[in-house]
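A.B. asks: So you can see what is in the structure, the chains are spelled out below.
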Amino acid sequence: MSAFQKIYTKVENITKATITVKADGISNEEMAYVNGRPAQVVKIKGNEVTLQIFPGTQGIYTNAEVKFTGKAPTIKLSDDLRGRFFNAYGEPIDGGAQVDGEETEIGGPSVNPVRRKQPSEFIPTGIAGIDLNNTLVTGQKIPFFADPDQPYNMVMADVALKAKADMIILGGMGMSNDDYLYYKQTFDNAGALDRITCFINTTQDAPVERLLIPDMTLTTAEYFAVKKNMKVLVLLTDMTLYADALAIVSNRMDQIPSKDSMPGSLYSDLAKIYEKAVQFPEGGSITIIAVTTLSGGDITHAIPDNTGYITEGQLYLRRDTDIGKVIIDPFRSLSRLKQLVIGKKTREDHPQVMNTCVRLFADAANAKTKQENGFDLTDYDERCLSYAHDYSKELLAIDVDIDAEKMLDTGWEILGKYFTRDEVAMKKVLMDKYWRGK
Amino acid sequence: MSTKGKVVGVVANLVTLEVDGPVGQNEICFIDLKGTKLMAEVIKVMGDKVAVQVFESTRGLQVGVSAEFAGRMLEVTLGPGMLSKTYDGLQNDLHKMEGVFLKRGEYTQPLNPGQKWKFTPLAKVGDEVEAASWLGEVKENWLDHKIMVPFDLKGTAKIKKIVSAGEYTSDSEIAVLTDANGNDISVSMEIKWAVKREVSAYKSKPRPFKLFETGVRTVDTLNPLAEGGTGFMPGPFGAGKTVMQHSFAKNANADIIVMVACGERANEVVEIFTEFPELEDPRTGRKLMERTVIIANTSNMPVAAREASVYTGMTIAEYYRSMGMKVLLLADSTSRWAQALREMSNRLEELPGQDAFPMDLSAIIAQFYARNGYVELNNGKTGSITFLGAVSPAGGNLKEPVTESTKKAARCFYALDQARADSKRYPAIDPIESYSKYIEYPELVAYLEENVQKGWADGVQILKDVLLRGKEAKDQINILGDDGVPLEYHITYNKSEVVDFSILQQDSFDKVDGTTPMPRQKQLTNVVLDICQSNYNFEDFEDVNKFFRRIINLINQMKYTKFESQEFYAAEKELKDFTATKKVANDNKKESA
Numbered sequence: 076m077s078a079f080q081k082i083y084t085k086v087e088n089i090t091k092a093t094i095t096v097k098a099d100g101i102s103n104e105e106m107a108y109v110n111g112r113p114a115q116v117v118k119i120k121g122n123e124v125t126l127q128i129f130p131g132t133q134g135i136y137t138n139a140e141v142k143f144t145g146k147a148p149t150i151k152l153s154d155d156l157r158g159r160f161f162n163a164y165g166e167p168i169d170g171g172a173q174v175d176g177e178e179t180e181i182g183g184p185s186v187n188p189v190r191r192k193q194p195s196e197f198i199p200t201g202i203a204g205i206d207l208n209n210t211l212v213t214g215q216k217i218p219f220f221a222d223p224d225q226p227y228n229m230v231m232a233d234v235a236l237k238a239k240a241d242m243i244i245l246g247g248m249g250m251s252n253d254d255y256l257y258y259k260q261t262f263d264n265a266g267a268l269d270r271i272t273c274f275i276n277t278t279q280d281a282p283v284e285r286l287l288i289p290d291m292t293l294t295t296a297e298y299f300a301v302k303k304n305m306k307v308l309v310l311l312t313d314m315t316l317y318a319d320a321l322a323i324v325s326n327r328m329d330q331i332p333s334k335d336s337m338p339g340s341l342y343s344d345l346a347k348i349y350e351k352a353v354q355f356p357e358g359g360s361i362t363i364i365a366v367t368t369l370s371g372g373d374i375t376h377a378i379p380d381n382t383g384y385i386t387e388g389q390l391y392l393r394r395d396t397d398i399g400k401v402i403i404d405p406f407r408s409l410s411r412l413k414q415l416v417i418g419k420k421t422r423e424d425h426p427q428v429m430n431t432c433v434r435l436f437a438d439a440a441n442a443k444t445k446q447e448n449g450f451d452l453t454d455y456d457e458r459c460l461s462y463a464h465d466y467s468k469e470l471l472a473i474d475v476d477i478d479a480e481k482m483l484d485t486g487w488e489i490l491g492k493y494f495t496r497d498e499v500a501m502k503k504v505l506m507d508k509y510w511r512g513k
Numbered sequence: 006m007s008t009k010g011k012v013v014g015v016v017a018n019l020v021t022l023e024v025d026g027p028v029g030q031n032e033i034c035f036i037d038l039k040g041t042k043l044m045a046e047v048i049k050v051m052g053d054k055v056a057v058q059v060f061e062s063t064r065g066l067q068v069g070v071s072a073e074f075a076g077r078m079l080e081v082t083l084g085p086g087m088l089s090k091t092y093d094g095l096q097n098d099l100h101k102m103e104g105v106f107l108k109r110g111e112y113t114q115p116l117n118p119g120q121k122w123k124f125t126p127l128a129k130v131g132d133e134v135e136a137a138s139w140l141g142e143v144k145e146n147w148l149d150h151k152i153m154v155p156f157d158l159k160g161t162a163k164i165k166k167i168v169s170a171g172e173y174t175s176d177s178e179i180a181v182l183t184d185a186n187g188n189d190i191s192v193s194m195e196i197k198w199a200v201k202r203e204v205s206a207y208k209s210k211p212r213p214f215k216l217f218e219t220g221v222r223t224v225d226t227l228n229p230l231a232e233g234g235t236g237f238m239p240g241p242f243g244a245g246k247t248v249m250q251h252s253f254a255k256n257a258n259a260d261i262i263v264m265v266a267c268g269e270r271a272n273e274v275v276e277i278f279t280e281f282p283e284l285e286d287p288r289t290g291r292k293l294m295e296r297t298v299i300i301a302n303t304s305n306m307p308v309a310a311r312e313a314s315v316y317t318g319m320t321i322a323e324y325y326r327s328m329g330m331k332v333l334l335l336a337d338s339t340s341r342w343a344q345a346l347r348e349m350s351n352r353l354e355e356l357p358g359q360d361a362f363p364m365d366l367s368a369i370i371a372q373f374y375a376r377n378g379y380v381e382l383n384n385g386k387t388g389s390i391t392f393l394g395a396v397s398p399a400g401g402n403l404k405e406p407v408t409e410s411t412k413k414a415a416r417c418f419y420a421l422d423q424a425r426a427d428s429k430r431y432p433a434i435d436p437i438e439s440y441s442k443y444i445e446y447p448e449l450v451a452y453l454e455e456n457v458q459k460g461w462a463d464g465v466q467i468l469k470d471v472l473l474r475g476k477e478a479k480d481q482i483n484i485l486g487d488d489g490v491p492l493e494y495h496i497t498y499n500k501s502e503v504v505d506f507s508i509l510q511q512d513s514f515d516k517v518d519g520t521t522p523m524p525r526q527k528q529l530t531n532v533v534l535d536i537c538q539s540n541y542n543f544e545d546f547e548d549v550n551k552f553f554r555r556i557i558n559l560i561n562q563m564k565y566t567k568f569e570s571q572e573f574y575a576a577e578k579e580l581k582d583f584t585a586t587k588k589v590a591n592d593n594k595k596e597s598a
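Protein sequences appear in the order of chains L and U. Numbering follows our numbering, in which position 248 of the first sequence is assigned residue number 323; successive positions increment by one, without gaps. Numbering follows our numbering, in which position 508 of the second sequence is assigned residue number 513; successive positions increment by one, without gaps.
Please keep in mind that the hints were generated in silico from the structure rather than gathered at the bench. Backbone N, C-alpha and C fix where the C-beta goes; we use that ideal spot for every residue, glycine too. Worth double-checking, as some hints may not be accurate.
To be verified - Taking lysine-lysine and the DSSO-like style, the derived pairs with C-alpha atoms no more than 30 Å apart in a straight line are:
(1) L/K302 - U/K101
(2) L/K347 - U/K49
(3) U/K42 - L/K334
(4) U/K108 - L/K303
(5) U/K442 - L/K419
(6) L/K492 - U/K429
(7) L/K503 - U/K516
(8) U/K429 - L/K419
(9) L/K142 - U/K42
(10) U/K429 - L/K420
(11) U/K11 - L/K97
(12) U/K587 - U/K527
(13) U/K121 - U/K144
(14) U/K9 - U/K108
(15) L/K259 - L/K239
(16) U/K101 - L/K303
(17) L/K146 - U/K108
(18) L/K151 - U/K42
(19) U/K39 - U/K159
(20) L/K502 - U/K551
(21) U/K163 - U/K210
(22) U/K108 - U/K129
(23) U/K404 - L/K347
(24) U/K292 - U/K123
Unchecked claim - Label-pair ranges, simulated between beta-carbon atoms:
(25) U/E172 - L/K146: 46 to 54 Å
(26) U/E285 - L/V433: 27 to 35 Å
(27) L/P226 - U/D463: 53 to 61 Å
(28) U/E111 - L/K146: 20 to 28 Å
(29) U/G486 - L/W510: 30 to 38 Å
(30) U/E285 - L/P184: 32 to 40 Å
(31) L/Q133 - U/K404: 35 to 43 Å
(32) L/T375 - U/E111: 35 to 43 Å
(33) L/P184 - U/D515: 38 to 46 Å
(34) L/Q173 - U/E285: 55 to 63 Å
(35) L/F406 - U/E111: 43 to 51 Å
(36) L/G183 - U/E448: 50 to 58 Å
The shape of chain L in the complex, shown without the other chains (with noise of 0.2 Å):
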């Protein structure tokens, strides 16, 4: 405890998420303490001091200890947060130590642009949906839109296992108890806890907590990515729940709301944590996957529409009735950074095989809808069915799991299964070399 220690204890004002207080040499964003309850200054107005307390103000008094640290929101970084699971203040949570190291302010500087590097690199992730059509590239931010009833927590601890990225950060808000245990339990069942460090604000837990979720998550992925030059994947999830606790607070602060009562803020709140997906010239790298739930998979929603113009693309899941499994959405998931990596880092038919492979998938939704409206199915349409039965098991289902290569291979061999080459029709060279069918 420092000697410099302010002390006041006449609250003035008390909202739900709020409280008001004199007070004088306070700096904005100074993290403080509210009757032990962990607060940030938010707004000074003279010697008015507005803070939000980030468990609520439940059963605070006018008489309440205000405490001021003099310091902004800090974590201490060092190796020792590998293998940990933290808080949304970074106390431990899985019942071991404080973690010693350097102390240093969360949601720090941008990174200037034209000290980026251009991302180039492949990250295999063995999920064919995404590798063959989504392909991912270190540096990049994409996120998932899903439904809540979709398997998307499972998808991305699934994705973080299997990609090869030095550090895993985990950065979960408002997840369910159950949800935070899958995570713990699966990166512990994978031996992988070593390089993995987690950011946990359970629904148990205050929303407005969320809040320092990402910037705990992006502070400790910098810290990895610069000083040990490491391929750090970040991982959000859910970030509309964050976007809510954002609404909160503007709320409370009488602020106008924009659309979708979201804050008008709301796009550069979103922007300041993506943007910290980097590829830095000396070789470490932050990637971002997020996860935004969609209510009723409308994405005209303030939320999933900021977040769209701000990410690399975006995946989103689907329940393929026709082979009871989960797939990758190839027609409206999209990776934005693809066209750096594919046919470059991958084989040189990978564009070719993608475009084609989805091209004859939009075919076979068309005779779909015609068997569906009861027309009569030409002998094509019959073929493009049962070619979009294999496709969507073999390459598009999320339990699929080859390397890059193999996947062009089985897309090679599909095609040959149902079609022609006339009906292929990709370029001559690619054909001669790798066609397999009649």
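Position chain U relative to chain L; hints supplied.
C.D. replies: Relative to chain L, chain U alone:
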């Protein structure tokens, strides 16, 4: 003595200061946070209190911290050395900053201090000059960079002294002028200018009348931009706004490109400065970077500087226009600029307009768009700024305030359509929703008739009618089925597909197809017009589909050959011969269009 202030309130980047002297609206001040100077701009004055927006993070700021006012508005420094640079929204040279991370309060020189420029005078002692008159020029790479009389000179002045040809740094005195009141004005190669004021030192701003070639067919042929004109491109995410902006930056027929990355992804800017130093300008053979100035204020950089970035870009464009250049200004995306305005308006607790945007959003956008234009300079030469802004409508809804306000201000509208993007019909500019007001300008029509061909505007109108009728026919076919409609519907629809596949669709990544100069657009349009205006003899709808599919295929082959090469002529002939197989001799043009 300059006005001083003291911090009395902080909410995010909105800071309230108590001041001890006069302050101006939009005046710049520096808040001294433990030795780090945070730049800020006055946005509201309330008695002795002023609200300022800080261009940096305000973390750690306390009540009582002092501030000093600069006595000027936000300004840029204009002079030789700007080409190929990457600036932030406040014109700091990003390459001059140290370290990987941006440091708060670090401001860098926009020009090259110490570099000597080879100066050649264009005026002599005794000459009468006015604002923006050309005093001399320096060689900046390929550009004869004009050294001008400061833009704020009122009336005329006489040159009292001008240096002889030789090498000088940009900040050294190159001339002394005596103004009408007998005051001497020292002039260097550098001009300071407040970004929110238009540079209006020109004789006149006539209506745009020349075609501005972008090399993109769906723009140049169907909805052309005029040199000095304005256009905007709204589109949901994933519809290809940024690819279009980059395509214009690569292929447009302009001397100088100013690209403003306003609140967008940093990796997109990285793409530009990774690729532009390698790619060649199709017209001059020089590297694209040599004609480009980038303003990068990406989405994670301070929001107030984002608002400044579009003005910084515009002012730099105006500077080059004053030296007789044809400038293309691109801004991606002006919605982020509007959002920056919204964030501040919100913190100021102003009464909001629609979607919480400030009430004067429309006026602000209109004023900004009005700064572009084709101008006649005082020395009789001309210069222009053509402006193309991308708009990111919330939820892809074109009825939102930024899109609607921009629609009132811009004269060309390029609607990027999600359905087109989904079906990979790129560029995804919807040919029916989009429009260009310039094709209603008789000046432009006359220009096209003279420089492209006689009857050009009528031909383009026919193409548009074909597209519209094709769309109607397609709707009918979808409802009634292939057999349920007359054969004519299939022909109409297929003709529109020919226009779509040959003229509208363009592979912006292809070496040949990526950019199409006007002579080739003319050739292609004439080929397509001939196909659309001919009558054919078909047996059934399958026959129709087969015929036009082949036509499209043949046109595509022609498109990818080098213009007027042997292969090109061969492909053109094959197309002609094949078309003839079904053509009916009685060629009743207008009716079948």
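A.B. asks: Which of the listed hints are broken here?
C.D. replies: As far as the earlier hints go, 3, 5, 19, 22 are violated by this structure, in ascending order.
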